[in-house]
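Construct the complete structure from the given sequences, taking the supplied hints into account.
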Amino acid sequence: MSDANNSDRDRDLDREPGNGDEKSSPDPATVRRSLPHAIIAVVAARYLCQIHRFYPGAIESNEGNQLFEELLSRLTFYFALGGLPVWPEYMPRPTLASPDAEQTLDWILNALLSWHPDWDDSRQGRDAQTAWLQKVVNDADGKCEPEVRRLSDRVIDIAVVDCRIPSPRDDASFQTPQRSLRMLMLYWHRCRTIVMNEVDAPIGARPHGLLDLIVNLKVRLTHYCDLLSSYDGIPEVKRTILDLLSSLIEGDFGDLSVAPDWTRTRVQQVENILQTLRLTVGGHDDDLTLPEQAFLTEVDRAVREYGVRLQREWDERLAAADRAGTLTTANSQGTETGESAASGKSAPSDAASSKGEPVDSCPACGGERTADDRGSLCRQCRTHKGKVAELWRAVLFHDACLKRGDTQNAERAWSRLRSLGWLTLRDAAQRVLNSTEEGEKLFDRIRGRLTTNADEWNELLDRPLGDLLPLVESSCETSAPAGDRDGDAGEPVEEDTGQLQYVTLDQCAALVGRTKDTLYRWLRKDPHAPEPDVEGGGGKHHEFLWSRIRPWLENKSGRRLPERFPVWPR
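Per my numbering, numbering through the sequence shown is continuous, rising by one, with the last residue being 570.
Hints are not guaranteed to be accurate.
Label pairs and their in silico Cβ distance ranges [said to hold, decoys possible]: (1) PRO117 x GLU145: 18 to 26 angstroms; (2) MET91 x PRO235: 45 to 53 angstroms; (3) PRO527 x ALA319: 52 to 60 angstroms; (4) GLU271 x SER173: 23 to 31 angstroms; (5) ASP232 x ALA205: 34 to 42 angstroms; (6) PRO527 x GLN268: 27 to 35 angstroms; (7) ILE249 x GLN311: 16 to 24 angstroms; (8) SER167 x ASP533: 47 to 55 angstroms; (9) GLN103 x ASP212: 30 to 38 angstroms; (10) GLU531 x ASP287: 53 to 61 angstroms; (11) PRO562 x ASP533: 15 to 23 angstroms.
Derived lysine-lysine pairs resembling BS3-like cross-links, with alpha carbons at most 25 angstroms apart [said to hold, decoys possible]: (12) LYS516 x LYS238; (13) LYS556 x LYS525; (14) LYS556 x LYS516; (15) LYS238 x LYS218.
Hints are computed from structural coordinates only; laboratory data are not their basis.
These numbers come from a predicted model, not from an experiment.
For each residue, glycine too, the CB sits at the ideal point set by N, CA and C.
Structure representation (structure tokens):
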């Protein structure tokens with residue numbers, strides 16, 4: 001139908017007060033009071049029309065028809081309440097199965113928007129109009145009555161959960177490579193955000209707070225990867241995405257956070273493959289379906305709110321430690337002031353608290369706290385708070401590896417903890433968290449996971465920080481390495497068990513504090529580098545005899561390494 005006819009109908013809706021009766025024009029104030037309820041009702045009805053058309057089987061026919069009729073009944077009521085025409089003769093009441101139902105609802109929505117106080121005919125550009133419409137709908141959603149919101153929430157829930165892959169009958173346009181790649185990239189960008197947030201988050205939750213959306217994303221990503229499986233790189237993209245999402249679904253968050261460089265490398269690989277494929281396949285700019293838009297909007301909102309909630313919980317934990325430290329400092333200062341008054345000495349003046357000058361002692365470590373330090377703790381202790389989170393992620397990773405029987409990654413976790421100087425971090429956890437009951441419980445859990453030989457480790461854990469620092473520096477120092485410093489190894493050294501000790505580059509990289517890629521470059525450039533003793537392949541890593549690769553690693557890294565590779569205590 002022409003735009004002129006559409007405009008005539010909109011003007012008729014504006015002019016006629018109700019069901020075609022020739023009466024005075026509707027009262028604008030009365031109409032605008034009904035607008036929020038009517039707008040939400042018609043938007044929800046439009047969603048139902050697209051669900052019925054693009055996602056057959058997502059909702060039972062009887063339930064869909066019932067929801068549609070309830071929404072139209074509410075819409076009719078608010079039209080009559082505002083003095084607007086309900087269903088003129090030329091615009092019959094639509095049904096869910098009628099082919100022009102969505103177009104009819106679009107006309108009604110445009111007529112309603114023309115009554116909005118912020119309506120502006122001069123607004124140019126599709127993006128500007130879409131942004132304004134989204135703002136109007138969001139405002140209306142906060143003002144509509146509970147019954148309309150209940151119906152709308154039910155429709156949105158169906159759109160987000162059940163409408164995953166559009167498959168309209170006799171329409172193959174939704175299966176083209178261009179559209180499939182576009183949807184794959186849109187869903188991957190949300191997946192990437194969730195994964196990288198988990199890498200950087202100070203704390204997490206089990207099960208994951210976004211588990212329902214992650215599982216939904218996994219289904220959508222798998223479908224579009226399968227549609228594009230004939231293109232180079234897509235099978236690898238699928239494996240990587242499923243590995244990353246499986247870590248979140250199964251609760252093995254440590255797989256992502258303990259080796260952040262490894263996670264970022266895999267994310268970058270997926271991004272490179274998709275961008276390269278886009279140059280081959282081409283772009284796709286057609287509109288998304290309303291359920292697709294609803295899902296993407298819901299994911300963006302949930303990810304944003306989940307990140308804020310995690311940060312708030314972490315800040316509350318740190319604030320609890322700060323409050324406990326502030327109380328200790330206040331009591332100490334009160335005692336000192338009383339003693340000064342009794343001895344006739346004056347208290348220190350405010351001039352002594354200038355920027356950079358020591359003002360008091362840190363309640364956690366006893367060191368000096370200056371005016372530059374925010375809160376009650378010194379800068380070092382505040383830094384240690386962040387390190388406690390990194391230590392805890394490493395501990396969770398070790399637990400997950402042992403549960404799966406993955407001894408190789410469990411040993412990598414042990415190497416990671418050593419490279420972090422976990423003894424110092426352990427002591428930091430005790431100092432900044434032991435002033436609260438929650439902190440004591442957290443420290444006990446860390447301690448329980450790090451102590452297998454209780455007598456040996458508990459003795460170390462109870463020592464003060466000053467005594468632990470030399471131990472951290474010398475924790476990897478043993479006797480002089482076998483062989484010379486030019487990378488020539490001596491005879492293989494057997495372990496106490498009588499077995500030779502084999503290591504992977506991942507384990508070596510964690511021990512010397514470098515990345516696996518760095519060690520690969522060293523091996524390629526050094527003609528004297530040792531060859532793998534066990535060739536990898538089929539998903540398995542190359543393995544080296546520790547006694548052969550250790551002298552070469554010492555020469556390259558400038559570190560003294562133990563004769564036996566440090567293995568996580570069992």
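Results of checking the hints against the structure:
no. : hint                                : verdict
1   : PRO117 x GLU145: 18 to 26 angstroms : 20 angstroms, holds
2   : MET91 x PRO235: 45 to 53 angstroms  : 52 angstroms, holds
3   : PRO527 x ALA319: 52 to 60 angstroms : 57 angstroms, holds
4   : GLU271 x SER173: 23 to 31 angstroms : 27 angstroms, holds
5   : ASP232 x ALA205: 34 to 42 angstroms : 38 angstroms, holds
6   : PRO527 x GLN268: 27 to 35 angstroms : 30 angstroms, holds
7   : ILE249 x GLN311: 16 to 24 angstroms : 23 angstroms, holds
8   : SER167 x ASP533: 47 to 55 angstroms : 53 angstroms, holds
9   : GLN103 x ASP212: 30 to 38 angstroms : 34 angstroms, holds
10  : GLU531 x ASP287: 53 to 61 angstroms : 57 angstroms, holds
11  : PRO562 x ASP533: 15 to 23 angstroms : 19 angstroms, holds
12  : LYS516 x LYS238                     : 23 angstroms, holds
13  : LYS556 x LYS525                     : 12 angstroms, holds
14  : LYS556 x LYS516                     : 14 angstroms, holds
15  : LYS238 x LYS218                     : 10 angstroms, holds
Violated hints: none; the structure is consistent with every hint.
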